[in-house]
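J.: Single-letter residue listing:
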Amino acid sequence: MSAIKTKPKTPQSPVSRWRLWVDGCGGYLLVTGVQWSVGGLSRASTVDICVQADWPRLAGQISRRGADYFWQGQRSADQKILLTDGTQVPVDGSALMTLGKPSQLSDTAVLALNGHHRFDQHVDGVVLVRETILVGPGSDCHLRCRDASDRAILQLKDNQWYAKAGLAGEFQKLELGCRVVIQSLAMTLELA
Amino acid sequence: MNKTAKQPNSSELQNLGESSAPIADSTVAVDRVENDVPEKTTLDQSPWKPRLMNTLLAKLKEIPEPPPASESQAVDKTLKGEMDFGDGSLDFHEAKLSHQTDHDEVWLGETQASDSTTRSMTFTYSPGSTPLPPYTIRRGVGMGGFGEVYFALSDAGKEVALKRIQRNLEIELRGVSQCLNLKHPNLVALFDICRDSKDESWVVMEYVAGLNLRQILDESPEGLSISEANRWIRGIGAGVHHLHCAGLVHRDLKPGNIFDDLGQVKVGDYGLSKFISTSHRGGHTESVGTFHYMAPEIGRGQYGREIDIYALGVLLFELLTGRVPFDGESCHEIIVKHLTALPDLTGIADPYRATIARCLEKDPGKRFSSVAEMLSSLENITGESFEQQGSKPTNGYHSHSVLGAASSESEPIDAILIAATVKAGSTRKAGQQKAQDDLFDEPVARAVQTSWHDFHRWWTGNSRKSDPYGNLILVLIWVLIAITQFAWLVPLLSVIACGYVPYYVIWKMVLQSKRQPKYAEAQRLAVQYAPQRKVVSPAAWASSVRNELRAKPRLNRLAELNTSWIAATLSAFGLAGAAGAIRFYNEPMPAQSIATYAWLAIIVLGATFAILSLGKLWECDDGEPLTRRLVLAGVGVAVGYLAFVMGEFLMIPLDRALVRDLDSTSLSPSLYPEGKPTVSAFVMHFALLFAVLRWWKPVDPLRRKRLSLWSVAVAVFVGWAVHQFIPIPGAIGIMVAGGTAIAVQLSAPWVNRKAIQHDSRHNQSAEGNFVGVTPGGSRHV
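Sequences listed follow chains A and U, in order. Per this note's numbering, residue 1 is the first one in the first sequence, and the count goes up by one each step. Per this note's numbering, residue 193 is the first one in the second sequence, and the count goes up by one each step.
Derived from the structure by calculation, the hints contain no laboratory data. Just so we're clear, the structure is a prediction, and the values are computed from it rather than from any experiment. There's no promise every hint is true.
Here are the simulated DSBU-like pairs of lysine-lysine, each with C-alpha atoms no more than 35 Å apart in a straight line [to be verified]:
id	chain 1	residue 1	chain 2	residue 2
1	U	K529	U	K554
2	U	K744	A	K157
3	A	K173	U	K558
4	A	K173	U	K390
5	U	K375	U	K558
6	U	K946	U	K889
7	A	K164	U	K350
Some chain U residues judged to face chain A by a derived CB distance under 7 Å, without partners named [said to hold, decoys possible]:
id	residue
8	T314
9	R331
10	L454
11	A549
Glycine included, C-beta positions come from ideal geometry on N, C-alpha and C.
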């Protein structure tokens, strides 16, 4: 048994981070890369995904291989567990975190917390980005805005976010700190 | 899905009344309604029914006119994103338009019980703005009563919801502190009411992260489960009861005002309606309510706690069925039904039916006098406490008692759960079990029982089963002893019994009375009566293990493949050696035959290596059979080529033993020139052999048996069939097919499902619902 490193970030998988605030929907931390460290909140927290809970400072890491997501716990680093849609990430503690892959069209996954816990940075969920994010009212959307009547597609290109309404719209650049209205959806992107 | 009523358009409103005046939001404004109606008169026979209805409908006149067409178009343009977002900013004009739009959107949206999809998500303030220091707005949350609601953070990071009071509303601050200082876990906490630099009023309140009941019901058009409905109604009831105890009436209970704060039911938007009024009304209070949840006496200006109980009845009905009891195509129709119609309670089981019926009484005096009485009626009818009716909260968090803060005598949840599970079992069985438990706590009885179990295990063990005659002899000896020693055995047993009975009574009375309560007993009960672990189907088990296989690191995979190859080498040469030994059991083996069997071993080894490698790649999923067959055909080509080359190298006479059993037609000269098979014949033979059979099955770790003779037989048969069309010398194809089928099964990893399940049954600490399958728990043999 070998413990995983406390600095899982590698040059091959740089993690870029943004916060996306969607009116009437929620706030989300968008992270790119292929593996992300997960842990509880502490003063010197260096993990990619931080949960305000009684979790270890470094509970483990989530990695993506192809379309599959895997959990590698800190205590059992030699064992990887496949995380399918709706799987609970097996971390000891009171917070329950589940991974969702609502769309078959995108490998992007969303982490959500059940129970009285919050992610750090006051967001409602963490999006493990793989190129595109679907925003809209349907259950197949990564960011589900129940009260919205339209869908939007967010796409990451060259570390720059673009958004368009539905499938037919044209991509427009998402400027940091500026609210963009796409039909019934309004969102603001900022660096995390 | 609940079919909801639409807000009447302006022309309808003109028909309904005479004048119009703006009101705050989607609600019906009722102030100073005439109250000269005889209380005892029933609605159906009342001569004032039309008048009362008209009083209610008259309030609809006060709903503002829609914006002018040009303004509406501008608003639409904003909503549909047709503005230039090149810079991504939202200018003041847009903000202003959206502000005006809110006016319209809110009342349109909130009078609809479930359809909220047309709402705009355009808010006045954008993220990052600080209209009310020290709070920084992060995003808009929604449109609540009286105005926009934002999610905001204080400078210290406190998450709050800011409600901006809009549309010329003024807050009567006198008396508001009664609302602000209410504390209850089922109420959304109000922190403060502040004014910003523009003299706009803001309500600072607790931020609720979860969904509201409207959104949850929209996703469950058939209603919630009984346990969920119980959880909701209990949480709502506890919050409303606390309001009533504080002397307040909610007056606007509806699913949109009730939230699931990650497992905790919270009632919001309470109380403030009494203190918020339009400026031109001179401070007259303004009643709020949504048609579907509005009690009939509101038309008479009665705002007692009974209107909340009425709304609770509607909510309970909707929780159970997914629809409201009184619905219609127009608000007119809904109001008439509230006044006159009886709810259709068919399909709702007791105790809910009776409770709802009483909540929805037209006469408020006939309803429950309090929320506590309403909830206790559910308890009384079912004969068990309300907590036991599936009140377990979600996410492992304990909900509060029915009466919330008013009642602190609720049992600990664990005790309730144990009691409930014990109660769920058979009473007779429980009684018997209890007697047995008491008895076997006694040391002598426990020793006798243990000895008996040991004897029974020995008697039914494999050693005794294999020796039936021995058992018979033993029984005869015991019977003989019992008969011959009857004279002293019976008195001895009688003396023992006579001594034991008083001993047991004394032990029970004296020793037991000194015994401290054992928490272990509670644990044992909980374990004993715990729901049985779900025995998963083979398909579900396979899916679970398949997921584990997908999670296996590549290095482990490679190591396993390496092990399999070693095993395959041993198997292939072992099989060839065994075949040779059988063939030349009692005669010397010529050198040419040794070469033939070595040739066989090499072909089997090559085929096994290739199949094991592919199997390792394919073990993660079920795969596409056609694709796999094509790949296997390619493997067959390689094996055929290998067979031909090695045959030439070992100087095997390839033109011998091309005899076929069925097809006696002449061999194709292109494949068999001069009666000797070419490399093409070998390639075609093995390509066909590998493409026909599903070779990924024998190497699948989830196969039923480690070594299936049926698979071997099928392989041999297919090898024989292929030999009939494209023969190769010495029926080597048949032997390769059979040998490969055996070798791959012996070499490939195998997950023994039965063994894992057996282990799991004996492992009480195993977690999860799967029997025998825990992460990393699959055992490869």
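J.: Give a verdict on every hint.
T.: A quick look at each hint next to the structure:
1. With a C-alpha separation of about 11 Å, the suggested pairing of U:K529 with U:K554 holds against the 35 Å cut-off.
2. Note on U:K744 and A:K157: the hinted pairing holds, with a Cα-Cα distance of about 32 Å set against a maximum of 35 Å.
3. Between A:K173 and U:K558 the alpha-carbon distance is near 62 Å, which puts this suggested pair outside the 35 Å criterion.
4. Taking the CA atoms of A:K173 and U:K390, the gap is about 34 Å. The hint holds against a cut of 35 Å.
5. For the proposed pair U:K375 and U:K558, the alpha carbon gap of about 30 Å is at most 35 Å, so the pair holds.
6. Distance hint between U:K946 and U:K889 is fulfilled; the C-alpha atoms sit about 19 Å from each other, no more than 35 Å.
7. A distance of roughly 33 Å separates the Cα atoms of A:K164 and U:K350; the hinted pair therefore holds under the 35 Å criterion.
8. Restraint check, U:T314 versus chain A: the minimum CB separation of about 6 Å is within 7 Å; hint holds.
9. The interface hint given for U:R331 holds, since its Cβ lies 4 Å from the closest Cβ of chain A, which is under the 7 Å cut-off.
10. Taking 7 Å as the C-beta contact cut-off toward chain A, the hint placing U:L454 at the interface holds, the least distance being around 6 Å.
11. For the restraint placing U:A549 at the interface with chain A, the shortest Cβ-Cβ distance is roughly 32 Å, beyond the 7 Å limit, so the hint is violated.
The structure shown violates the earlier hints numbered 3, 11.
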